[in-house]
Amino acid sequence: MAGKRVRAEIITPRSMFFAGDVEMLIAPTTEGQEGFMANHVWCCKLLADSGVLSLREPGEKTLRKARIKGGYIDIKDKFVVYTDEAEWESNKD
Numbered sequence: 412m413a414g415k416r417v418r419a420e421i422i423t424p425r426s427m428f429f430a431g432d433v434e435m436l437i438a439p440t441t442e443g444q445e446g447f448m449a450n451h452v453w454c455c456k457l458l459a460d461s462g463v464l465s466l467r468e469p470g471e472k473t474l475r476k477a478r479i480k481g482g483y484i485d486i487k488d489k490f491v492v493y494t495d496e497a498e499w500e501s502n503k504d
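If you count the sequence shown from 1, you need to add 411 to reach our numbering.
Just so you know, these hints were derived from the structure itself, not from any lab. Just so it is clear, the structure is predicted and the values come from calculations on it, not from any experiment. Do not take every clue at face value.
To be verified - Think about it this way: if two alpha-carbon atoms lie no more than 35 Å apart in a straight line, the pair counts; the simulated DSBU-like pairs of lysine-lysine are: (1) K415 <-> K480; (2) K487 <-> K476; (3) K415 <-> K489; (4) K476 <-> K415; (5) K456 <-> K489; (6) K456 <-> K487; (7) K415 <-> K472; (8) K476 <-> K489; (9) K472 <-> K489; (10) K415 <-> K487; (11) K480 <-> K456; (12) K472 <-> K487; (13) K456 <-> K476; (14) K415 <-> K456; (15) K472 <-> K456.
Please take these sequences and the hints and turn them into a complete structure.
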């Protein structure tokens, strides 16, 4: 059974890095890794100076990961991540 979807955006000063629906987003906050799903209580969190943000797109079993640097995440009817830098990690594990 697929999870509920929520719109997510990852925005850097240079571009809209990602925009699409996700089932889950895990962000490196100053308080540690925090996960967010549809209908999460509204909040705003500071992001760690650097870390890995993970998201699961609808229908996917694996997480898509991006290295980010600083910023904050705004969780409301959609999830918006404002970060200084973002770059997709390769899937070479």
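Hint by hint, here is what the structure shows:
1. K415 <-> K480: holds, 28 Å
2. K487 <-> K476: Roughly 22 Å separates the two Cα atoms, so the pair holds.
3. K415 <-> K489: Since the Cα atoms of K415 and K489 sit roughly 12 Å apart, the hinted pair holds (cutoff 35 Å).
4. K476 <-> K415: Holds, because 20 Å separates the two Cα atoms, which is no more than 35 Å.
5. K456 <-> K489: holds, 14 Å
6. K456 <-> K487: Distance ~12 Å between K456 and K487 Cα, so the pair holds.
7. K415 <-> K472: holds, 14 Å
8. K476 <-> K489: With Cα atoms ~19 Å apart, K476 and K489 stay inside 35 Å; holds.
9. K472 <-> K489: holds, 21 Å
10. K415 <-> K487: Measuring from Cα to Cα gives roughly 15 Å; hence the hint holds.
11. K480 <-> K456: Answer holds: K480 to K456 is near 14 Å, not above 35 Å.
12. K472 <-> K487: The given pair, whose Cα atoms are some 24 Å apart, holds under the 35 Å limit.
13. K456 <-> K476: Roughly 19 Å between the alpha carbons, so the hint for K456 and K476 holds.
14. K415 <-> K456: With a Cα-Cα distance of about 22 Å, the restraint between K415 and K456 holds, given a limit of 35 Å.
15. K472 <-> K456: Answer holds: K472 to K456 is near 26 Å, not above 35 Å.
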